[in-house]
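Peer 1: Sequence:
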Amino acid sequence: MSGKQGFKCLLLGYGHIGKRHAAVIAEHPETELSGIADLTDVRSVAGYPSDIPWYPSWKDALANSGGHDLVIIALPNGEHIPAALAALKSGYHVLIEKPMGLTALSCQQVLELAEQQKKQVFVVKQNRYSPQVQWLKDLVDSGKMGKIHMIQVNCFWNRDDRYYLQQGHPWRGKLTSDGGVLFTQFSHFIDILYWIFGPLMVESAHMENLAHSTTTEFPDSGSFRFRTAGQALGFMQFSTAVWNRNLESSITILGDSGTIQLGGQYMDTVLHCHIPDYILPQIPSANPPNLYGNYSGSAANHVQVLEQVVMALKGEKSAATNGQEGMEVVRIIETVHRLANHPI
1 MSGKQGFKCL LLGYGHIGKR HAAVIAEHPE TELSGIADLT DVRSVAGYPS DIPWYPSWKD
61 ALANSGGHDL VIIALPNGEH IPAALAALKS GYHVLIEKPM GLTALSCQQV LELAEQQKKQ
121 VFVVKQNRYS PQVQWLKDLV DSGKMGKIHM IQVNCFWNRD DRYYLQQGHP WRGKLTSDGG
181 VLFTQFSHFI DILYWIFGPL MVESAHMENL AHSTTTEFPD SGSFRFRTAG QALGFMQFST
241 AVWNRNLESS ITILGDSGTI QLGGQYMDTV LHCHIPDYIL PQIPSANPPN LYGNYSGSAA
301 NHVQVLEQVV MALKGEKSAA TNGQEGMEVV RIIETVHRLA NHPI
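Residues in the sequence shown are numbered from 1 upward in steps of one, following our numbering.
Because the hints were derived from the structure by calculation, they are not lab data. Certain hints may be false.
As the list claims (entries may be wrong) - Subject to a maximum C-alpha distance of 20 Å in a straight line, what follows is the list of computed SDA-like cross-link-like pairs (lysine to any residue):
#1 K317 / W195
#2 K147 / I275
#3 K137 / N287
#4 K59 / G78
#5 K144 / Q231
#6 K19 / Q167
#7 K89 / E112
All values derive from a computational prediction rather than experimental measurement.
Construct the entire structure; sequences and hints are all you get.
Peer 2: Listed below in C-alpha cells is the structure:
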C-alpha cells in the first residue's frame, strides 16, 4: 500500500458503473486508484483522474502493471470470469460487479482458484445495503411474522432501444456477453431473496421476448415458481418491456402472523406492514438509484460495498457478499433459464 496509504485498486472497465467505482475509491480514506483499463481511451473523459495510468484492455493492464491489492471488474458480463481468473493468477483479490458470471460452473472455477491463491473474491450486491431491505431481513429473521407461507416479487422495468442501441455498448442484448435480464437487470432482487430466505428451489419457469425481438438474443420477460428452505411458496415476475421508464420492484411476504410489502421502483418504500403489537420504526431513506441518462439502475450503495471489502481485506470481518453467494445467485438464474427452455 502507498500513496494515501490505501489498498491499491486496479479498475477494469470505465463505463457507467466503472465511473461510480472510481469515484467511490477516490472518496474512501483507505483505497487508492492504481490504474484503469478500458477499450476506449478514456483519458479525455470529464472526471478522469489525470495521474492514473490507462490501459487499452484488461489483459494489457494485468500483464503490464503490478503492485495492486484489489482488481475491480466492471466489464461486460461475459468477461467477468476470464478477467477474474486472470487477476487471481496475477495474485490479486477481486471484486466482481454483478453478475459474478453466466454459469455456476465458471463461478466455481473462480472460487477454486481463489482458494489455491489464498485470495478473496467479492461480488457487488449493493441492494443489500438498502435500509428498507436490511429492515426486512432483520424482521424476517426475528420470527415476528411467524411461518412464511408465500412470497411474491414483481420487477417491471424499462429497457428499450435507448439502452440496447446506445453507442459504445455493443455487448448489450447479446447472449454470450450480456446473458439476459435476470443477470443484468434483476439479479440484485434474486440476491435479496437468497439473502433473506436462503437457497431457492426453482420448480418451474416461463420466459418470452415480448418487446425486444430485434434487439436482444434472449427473452425480456417471464416468471418462475420456487420454494424456500422453509417451504414457503414463491413467485417472481419480471420484464423489461415496460414503456418509457421503470415501473416497480416489489416484494410481498405473507406469514401466519404478519404481512409485509416493499415497493417503489427499487424496493425502497414500505407499502404495508401489519404485524401484531409491532410498531414500524423510522427507516432511513434509501439512496437514489444510479442514473444513466435515459435509464436508471438500482440504488447507489457502492460506498457500503467498498467499505465491506476493505474491512474484509484488513481481517476485521468476513466478506458480506462473497463469491460463494454470488455463485448461488447465478445458479438460481441458470436454473430458471434451463426450465424455461432458454439455456445460457
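Peer 1: Evaluate each hint against the coordinates.
Peer 2: Hint-by-hint comparison with the structure:
1. K317 / W195: holds, 18 Å
2. K147 / I275: holds, 13 Å
3. K137 / N287: Judged against 20 Å, a Cα distance of about 18 Å means the pair holds.
4. K59 / G78: Holds, because 15 Å separates the two Cα atoms, which is no more than 20 Å.
5. K144 / Q231: holds, 17 Å
6. K19 / Q167: Since the Cα atoms of K19 and Q167 sit roughly 17 Å apart, the hinted pair holds (cutoff 20 Å).
7. K89 / E112: holds, 12 Å
The structure agrees with every numbered hint stated previously.
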